[in-house]
Amino acid sequence: MYKEFETTMSTISVIVPVYNAEKTLRKCISSILKQTYRDFELILVNDGSNDMSLDICTEFKENDNRIKIIDQINKGSHIARKTGIENATGFFVTFVDSDDWIEPCALSKLHEIAIKYKADVVVCNSKKVFGPMFDFKLTGKRVLGRKEEYYSKKRFMSELYISFFGITNFPVSMWGKLYRRDRLREIYVDEKKRFYGEDLIFNIQVMPEMEGVVVIPDELYNYRAGGGTHKYQPLFFEELTELHKIKKRHIQKV
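Taking the numbering used here as reference, the numbering of the sequence shown is continuous, increasing by one, and the terminal residue is 1040.
Note that these hints are calculated values from the structure, not bench results.
Worth double-checking, as some hints may not be accurate.
[Stated by the list, open to error] Computed list of lysine to any residue pairs in SDA-like fashion (alpha-carbon distance at most 20 Å, straight line):
id, residue 1, residue 2
1, 847, 902
2, 939, 996
3, 939, 970
4, 820, 837
5, 854, 895
6, 913, 945
7, 820, 862
8, 813, 853
9, 940, 951
10, 895, 862
11, 939, 968
12, 914, 945
13, 820, 857
14, 914, 836
15, 813, 835
16, 940, 914
17, 813, 969
18, 904, 844
19, 914, 890
20, 913, 939
21, 913, 817
22, 933, 945
23, 809, 891
24, 902, 935
25, 847, 825
26, 902, 1005
27, 914, 1003
28, 895, 847
29, 861, 838
30, 940, 895
31, 914, 1002
32, 809, 857
33, 861, 836
34, 939, 914
35, 933, 898
36, 861, 849
37, 902, 809
38, 913, 848
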């Protein structure tokens, strides 16, 4: 199952969609470059930023050859992530939002668990951050369970996939997860710019293709509540209706 793992250039591709994130981007990138696990590439997808974000990305790239920068016109974060996937070389892929950051041991722990179980996805707990930019506090984690636990494809679909339809507490975000990259190649992402539900739509499509999922209690991801990726959404109700239609199509898989 993992034989091709030996030939990849980088074990993990970390993908960060970047849009007008000059106030938080340095902390985000620094947290990735300070990982205790070193075998990764960092793909920064600048999604048409009109602030100093691209300059910050370039500054970091000059000092670390693991960084790739992709500069594109603004298409939305879900298209930026898709661009990252298309340019990734790692056996695994993980996503970090540009206003968030990860713990120093995050990649090491996620990789360790993936290899231990030969899992296609590893999911960690997160900490939600509130407060001003440099005066934050950490609050309770998203509850995933108190122990490390493996879910076969059949068990995941019957017990946790239903969370994507509002029934359990399993996180629907793309961040806080390590995915096997080759399972993501055929995922359809439309070119419409979205403001709502993009993570949920992605996981509704992706997770049924995964052969094994491991949930761990470790709090490895720091999520900034009310950050730059969570601003006013002008088409909220239209997109909510579309999301409902997508969920209705996929709930038949449960």
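A quick look at each hint next to the structure:
| no. | hint | result |
| --- | --- | --- |
| 1 | 847 - 902 | violated (32 Å) |
| 2 | 939 - 996 | holds (6 Å) |
| 3 | 939 - 970 | holds (16 Å) |
| 4 | 820 - 837 | violated (25 Å) |
| 5 | 854 - 895 | violated (23 Å) |
| 6 | 913 - 945 | violated (24 Å) |
| 7 | 820 - 862 | violated (28 Å) |
| 8 | 813 - 853 | holds (15 Å) |
| 9 | 940 - 951 | holds (17 Å) |
| 10 | 895 - 862 | violated (30 Å) |
| 11 | 939 - 968 | holds (16 Å) |
| 12 | 914 - 945 | violated (25 Å) |
| 13 | 820 - 857 | violated (24 Å) |
| 14 | 914 - 836 | violated (27 Å) |
| 15 | 813 - 835 | holds (17 Å) |
| 16 | 940 - 914 | violated (31 Å) |
| 17 | 813 - 969 | violated (30 Å) |
| 18 | 904 - 844 | violated (35 Å) |
| 19 | 914 - 890 | holds (17 Å) |
| 20 | 913 - 939 | violated (27 Å) |
| 21 | 913 - 817 | holds (15 Å) |
| 22 | 933 - 945 | holds (16 Å) |
| 23 | 809 - 891 | violated (24 Å) |
| 24 | 902 - 935 | holds (12 Å) |
| 25 | 847 - 825 | holds (16 Å) |
| 26 | 902 - 1005 | holds (19 Å) |
| 27 | 914 - 1003 | holds (15 Å) |
| 28 | 895 - 847 | violated (25 Å) |
| 29 | 861 - 838 | holds (18 Å) |
| 30 | 940 - 895 | violated (25 Å) |
| 31 | 914 - 1002 | holds (17 Å) |
| 32 | 809 - 857 | holds (19 Å) |
| 33 | 861 - 836 | holds (13 Å) |
| 34 | 939 - 914 | violated (29 Å) |
| 35 | 933 - 898 | holds (15 Å) |
| 36 | 861 - 849 | violated (28 Å) |
| 37 | 902 - 809 | violated (37 Å) |
| 38 | 913 - 848 | violated (31 Å) |
The structure fails to meet hints 1, 4, 5, 6, 7, 10, 12, 13, 14, 16, 17, 18, 20, 23, 28, 30, 34, 36, 37 and 38 from the earlier list, while all remaining hints are met.
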